[in-house]
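Novice: Each chain, written out:
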Amino acid sequence: MKSPVPGTESEASKARWEREVLEPTLKRSPERAGEFTTISGRPIDRLYTQDDVTEGEAPAPGEFPYTRGIHPTGYRGKLWTMRQFAGFGTPEETNERYKQLLRAGGTGLSVAFDLPTLMGRDPDHPLSLGEVGKCGVSIMSLADMERLFEGITLADITTSMTINSPAPMIFAMYLVVAEQQGADWKTLSGTIQNDILKEFIAQKEYIFPPRPSMRLITDIFQFCAKDVPKWNTISVSGYHIREAGSTALQELAFTLRDGIEYVQWGIDAGLDVDEFVPRISFFFNAHSDFFEEIAKYRAARKIWARVMRERFGAKDERSLKLRFHSQTAGVSLTAQQPYNNVVRTALQALSAVLGGTNSLHTNSLDEALALPTEAAATLALRTQQVIACESGVTNVVDPLGGSYFVEKLTLDMEEGAYKYFDAIDRMGGMVAAVEAGFPQREIAEASYRYQQSVERGEKIVVGVNGYVDRDEPPFPILYIDDQASDLQMARLKTLRKTRDNARVAVTLEALKEAARGADNTMYPLLDCVRAYATVGEMCDALREVWGEYEEVPSI
Amino acid sequence: MRTIRVVIAKPGLDGHDRGAKVIARALRDAGMEVIYTGLRQTPEKIVAAVLQEDADVIGLSILSGAHMHICPRVIALLKAQGLDHVTVVVGGIIPDVDREKLQAMGIAGIFLPGTPMQTIVDFINQHVQPRAEVV
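Protein chains in written order, with the numbering used here: chain Z, 1 to 555; chain C, 1 to 135.
In short, the hints are calculated from the structure, not lab data.
Honestly, I wouldn't trust all of these hints.
[Stated by the list, open to error] Only pairs whose alpha carbons sit at most 20 Å apart, straight line, appear in this in silico SDA-like list of lysine to any residue:
| id | chain 1 | residue 1 | chain 2 | residue 2 |
| --- | --- | --- | --- | --- |
| 1 | C | K45 | Z | D124 |
| 2 | C | K45 | Z | Y549 |
| 3 | Z | K78 | Z | V397 |
| 4 | C | K45 | Z | E551 |
| 5 | Z | K27 | Z | L47 |
| 6 | Z | K186 | Z | R318 |
| 7 | C | K101 | Z | V397 |
| 8 | Z | K230 | Z | V273 |
Required output: the full structure, derived from the provided sequences and hints.
Specialist: Below you can see the structure in the form of structure tokens.
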């Protein structure tokens, strides 16, 4: 029976339920807490009903605005890409790990670089002390990139490279290795992270000031649109924003607003929106609050589709469809009782899958202690395979669509994100907001609030402030010694003696020339790479022209 | 008695400053005077900050695995400057096998992920004797 005024009947029935059923229960046995909140601190009601869902039913999957997914068949057509981030030590050691992951059924590679590479420093720079090969693989020059992909046919795989400030240099190296293998750049596929805004906001691996950094990114947009059309030119990342302590909403809002900023800069650089936006992808954190995360992914697709159509007039469907990678939350892993991390990761991965992730990395149980062992990395991959093959959740598209709670959270996420967009627009865009330190402050506040709620015992982290074991058995970890560092240092010396240094100097000069003017920097960079210039040398050349960014420290 | 002065530093190339910032605020809220150096500090710059600020404590935040290079350097520079009285604590991802070596070289406290802020506040309060105010 339909009620004459929509919602009236159920409102009445909820009021009746509260009076007749709930109140007597609460009198007998009160709830465990006065307020229930998500891990982001968002209050959660006891019960959601159709009255909370103020919008009509979301359109079906594959239909604008894609809240329920970008593919009409969900995972029935194709599973997500199981892409495990890996890299440590020498290029040879990482090459071995890649071959092992591919043998174990991994379907894409994902390169973790060490800090000197990420910061555009050669291993012999004073700040590289102790960092070479520690958090990822050390890649100094084309020679290392050749070693990294030895025996792996780049035309047959897709590779994701987590590289930001020196993204153009590393990407150029990858392209030259592909060229050496005889691959056609036009068919080559993969992703570079290349998201500098979140570096200023959260992870702080920046080199150049914001504006020249943005120019490097628009250079890549232009270059790829013409030369490497299937490459994902940027992976706009909320992951690091969340790891830095943001709420789920802040992650969503800042990431999408970063995306909007890149689109605006691309258009301002003279590109047509549908020429480069289809190659923009996203990267979200899969954190612990199960439903809040699912709502975040659903809202992300919906907002992006709308903004691309309404704000930028995008027409190509591919510009409207938000594709995203996700990674389980490193920050949620505990050094205490590390086996608990397997469970956390499985639940987080499940939320990403239920939210329609297009690719996924699951963390290893030992990552609060060290870089993962091979056994731990394999277990992390197996976790995804269990979800894919055994849980049954892949049989149906957007199984939580229509859940009052999830739909309400999705609507709230959307509304909250638009509020942040308005605030950032008023500041003059994301570059200006970053320069003013706005997102940085918002995140620091949220991070401190969360930490306090853990300290007060309002949020329980199992094994940390609840269910603590006093005597934990020792746990085997991967220990990275200095062998890789020593070897890379020696190689660097040899490289500088054996290569054609005159050619290196000429190519670096041409790079500076392009940087001073308006020519696309990718072409001179490719020449630097072919001459075996190092990452440090190429970045130094640009430091000379653009200077370095330094953040004003604040707490 | 003057308040305890703490330099919180991020040495090396790593930019993950969530822990450093949270602990800086927690120490400040606990009544200490906190100087945060910001990112990418060499051991030389960190020790210079300790000297300049007349600090009682240095908190090094290291998550990148470079601790076995950075810590000995900081300790050696402190000694060279006659700053042996400064308490050095490290927070971050520190494998068990390195703990004893770090303690042997003079690192007073090592705090792993998940350590309550109060534990660190208490540790500093117990280990650092507040000095008389110098007029």
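Novice: With a cut-off of 20 Å on the C-alpha distance, tell me whether K101(C) and V397(Z) pass.
Specialist: Violated, because 54 Å separates the two Cα atoms, which is more than 20 Å.
Novice: Just to be careful, I want the Cα atoms of K45(C) and Y549(Z) compared with a cutoff of 20 Å; is the pair within it?
Specialist: Cα-Cα ~18 Å, so holds.
Novice: Is K186(Z) close enough to R318(Z), meaning Cα to Cα at most 20 Å?
Specialist: Status holds; Cα separation ~18 Å.
Novice: Check whether the Cα positions of K230(Z) and V273(Z) lie no farther apart than 20 Å.
Specialist: Holds: K230(Z) and V273(Z) sit about 16 Å apart, inside 20 Å.
Novice: Can the restraint linking K78(Z) and V397(Z) be considered satisfied, given a maximum Cα separation of 20 Å?
Specialist: Distance ~12 Å between K78(Z) and V397(Z) Cα, so the pair holds.
Novice: Given the hint that K27(Z) pairs with L47(Z), does the C-alpha gap stay at or below 20 Å?
Specialist: holds (18 Å)
Novice: Given the hinted pair K45(C) and E551(Z), is their alpha-carbon gap at most 20 Å?
Specialist: Holds: K45(C) and E551(Z) sit about 16 Å apart, inside 20 Å.
Novice: For a C-alpha distance cap of 20 Å, please report whether K45(C) and D124(Z) respect it.
Specialist: holds (19 Å)
Hint 7 alone, counting from the list given before, is not met by this structure.
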